[in-house]
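Number of protein chains: 2
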Amino acid sequence: MMNRHKNTAEKMIKSALRAVDPYYLIMDQLKLEGDILVIQNREKINLAEFKRIFVIGAGKGAAPMALAIEELLGHRINAGAINVKYGHGQDLKKIRLMEAAHPILDENTLKNTRQMLEIIDQARQNDLVIVLITGGGSALLELLPEGITLQDLAILNQLLLSSGAAIDEINTIRKHLSLIKGGQLAKRIAPARTLSLILSDVIGDPLQSIASGPAAPDTSTFAQAVDIISKYRLENKISVKIKAYFKKGLRGEIPDTPDANDAVFKLTANYIIGNNALALNTLKHDAEQSGYKTVLLTDRVQGEAREIAKLLAGIIKSGVQSGFPVSSPGCILLGGEPTVTLSGDGKGGRNQEITLAVLQELAECKSEFYFCSFGTDGTDGPTDAAGAWIDEQTITKVYERKLCVSDYLQRNDSYHFFKQIDQLIATGPTRTNVMDLIFCLY
Amino acid sequence: MMNRHKNTAEKMIKSALRAVDPYYLIMDQLKLEGDILVIQNREKINLAEFKRIFVIGAGKGAAPMALAIEELLGHRINAGAINVKYGHGQDLKKIRLMEAAHPILDENTLKNTRQMLEIIDQARQNDLVIVLITGGGSALLELLPEGITLQDLAILNQLLLSSGAAIDEINTIRKHLSLIKGGQLAKRIAPARTLSLILSDVIGDPLQSIASGPAAPDTSTFAQAVDIISKYRLENKISVKIKAYFKKGLRGEIPDTPDANDAVFKLTANYIIGNNALALNTLKHDAEQSGYKTVLLTDRVQGEAREIAKLLAGIIKSGVQSGFPVSSPGCILLGGEPTVTLSGDGKGGRNQEITLAVLQELAECKSEFYFCSFGTDGTDGPTDAAGAWIDEQTITKVYERKLCVSDYLQRNDSYHFFKQIDQLIATGPTRTNVMDLIFCLY
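Chain order of the listed sequences is A and B.
Once you know that position 257 of the first sequence is 257 in this note's numbering, the rest is easy, because the numbers rise by one and skip nothing.
Once you know that position 419 of the second sequence is 419 in this note's numbering, the rest is easy, because the numbers rise by one and skip nothing.
No lab work stands behind these hints, which were simulated from the structure alone.
Take every hint as true, because none was put in to throw you off.
Copies of the same chain are indistinguishable here, so a pair counts whether it falls within one copy or spans any two.
Derived SDA-like pairs (lysine to any residue); straight-line CA-CA distance at most 20 Å:
1. 231 - 405
2. 293 - 323
3. 44 - 77
4. 231 - 404
5. 347 - 426
6. 293 - 327
7. 293 - 326
8. 402 - 165
9. 366 - 206
10. 31 - 47
11. 402 - 166
12. 231 - 406
13. 247 - 152
14. 243 - 152
15. 231 - 402
16. 94 - 70
17. 231 - 399
18. 44 - 126
19. 93 - 74
20. 402 - 224
21. 231 - 407
22. 402 - 169
23. 366 - 205
24. 366 - 260
25. 366 - 219
Input sequences plus hints: build the corresponding full structure.
Following this line, the structure appears as structure tokens:
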């Protein structure tokens, strides 16, 4: 017998992915009324004030954004180019599509970025540059200082990752070895105006972090970068060229990344047009339309997948049995990006692992429920699935087939577990990414 | 300046502890109307139908329960005796107070249990035995089979703990090496009636687990106990006496623990009079009275403290910044019992550690908030504190004193962290235990 929640859940998943599709995000939130470009709830821009409009962009979802911008602005666009991950392109008319490697950048990113810079370098006062940014933009938009090579960068990254430096510290170094990141793209675009439209794949939507904030103010400095190098005793390990470059920066011979007081940001607007919260609110709305009472817990899920799963399973059990946080028919929603610390040699992803760990905790639940966790980009770890789902019938299935849930968990082998019971969620690449969505209907 | 939430929070904590005080639980939920003992929302018992009333009990909070029962029933009680942890007694008139060791049981528990059995062994049909049960009752109420000593038990426990056996498996063994646990006390009381009043210190309030369920049906069997012994290859490690006893059980020479179909349970009522949910609902009610919108997440918190803290901090941040699950003034509540996997050599407890880990995640929160986590028994790990609290001023304090939160976390040294900034929650022993309470006001 079909679980009564499953049908609703499947529609909800489709609807949420539609809501954060970069093409529709642009189409839904931007309207052209004569010469006026209306950005919903944000700003109205009179395009008649601009002589020329240029479009650049980078990230896994930049192609559908570019397509929508083309449809919206058409012949008003003077020139444009975007750089996406290999295989993530689509036919564009006016804007040039280029592809490069992700997540490790290759020579094509450097080459393609130079193409984009050639376009924006034409921009003068009274010109508008639209910058399309989605997750992956950090590796797909990069210009290195004179003399620094990709190999120098790769070695530095390796050193930083094994040094124990925090992610913020690594980002400070990386921003100061780039001529794009940390607001430097906006500096280069000035005195033309920058309109940056952003799909956020980072918890809390921090502008300085999404794609390393090419058009956002940056608080970090060369001095901090040098401090971090010495904190982790990397002075004698990094290349002489990088050291020399940082020294020049420290002496003020290279301009630092612009902070919030920099005049460039009077010419710059950064608008988040899609994020995890938007997808969650779509799920919530749809669940309510289907008669569920909802609790949207947070769009900031972090932490070890299997530990979060214990708390989540507790919330589901108390929901089913005691009516809190909400009684049946209830829907609990949350989003973000949990992590998995690998200890086994199996195959899986954070979403599949969290689902498996919830299954373990709900092994005695007899009430009807549906739980799922999936990545909005359609990819969960090194698998071809976006995530997985379970319901109360899964528990019976597991008993019948004598599958040992704790064994699969211990081996981090959630993929093979869900594959054999046919409960993977497979969306294929979605060309969007607003992190993961987790919900339970009961 | 005083955090505007702190005052409310401190009142809430007091009120919640009052709500789960065993004395008041009895006083609030049991009333005597003439001969009728009214147990709120449960049952009315006509005491005139019983010739005699006996009272026994065990657990850290049994003394205040006994005191309330004495005040309620007074001279109607024919005899009574309870066994509590050393130092957890208080003056009683009719019911004899005895003390023994906890959590490792000593000879006094065996001696004191025999005293209680002498009382209930007088009970006949038309007599009522009131059994008072709180956390710790498993070690404070025990009768071992003929020939099995405390030392045999200690060695077995050691073997089981190092075998990797699951807690349910260990309990199955323990119940079958006891003449009290797993419903056997109720069997011994029959044909007299058993009224068991229970304060739950176990997630989900499973009757068979609280104090090892002396008056509750049990599904485990001697056969399972023997299987577990062989599963973990302990046959040649456990004492010959235990092995012989299990063999007799397997041959049916010793009655197995009674399951739900056993007629004894027609004579037995088990009522949970206090639990984590009751404390949470009191907190929730008080917060609402103070004008907060509330979300009670769950009474089933489980999992690693610092990982749960990441999710909790996410919920708090999205509450403060985006209004979900609830906007300011908001209150998020949850309860249960997280765990801490020790890796450092510091001093702390699960509540202090979860609070410290939340502090780490909220390091950039500038909005006013108050967060706390504490054990309702007044004890958090091997410390003299019940838990700890933080607010947005804690963050400033930490910066000023140059305290490294991640360092304290890594050393599991939450106690010394909070002690030096004077943010421990110290209630002293409360003589109750409904696990931990966690809440945040913002």
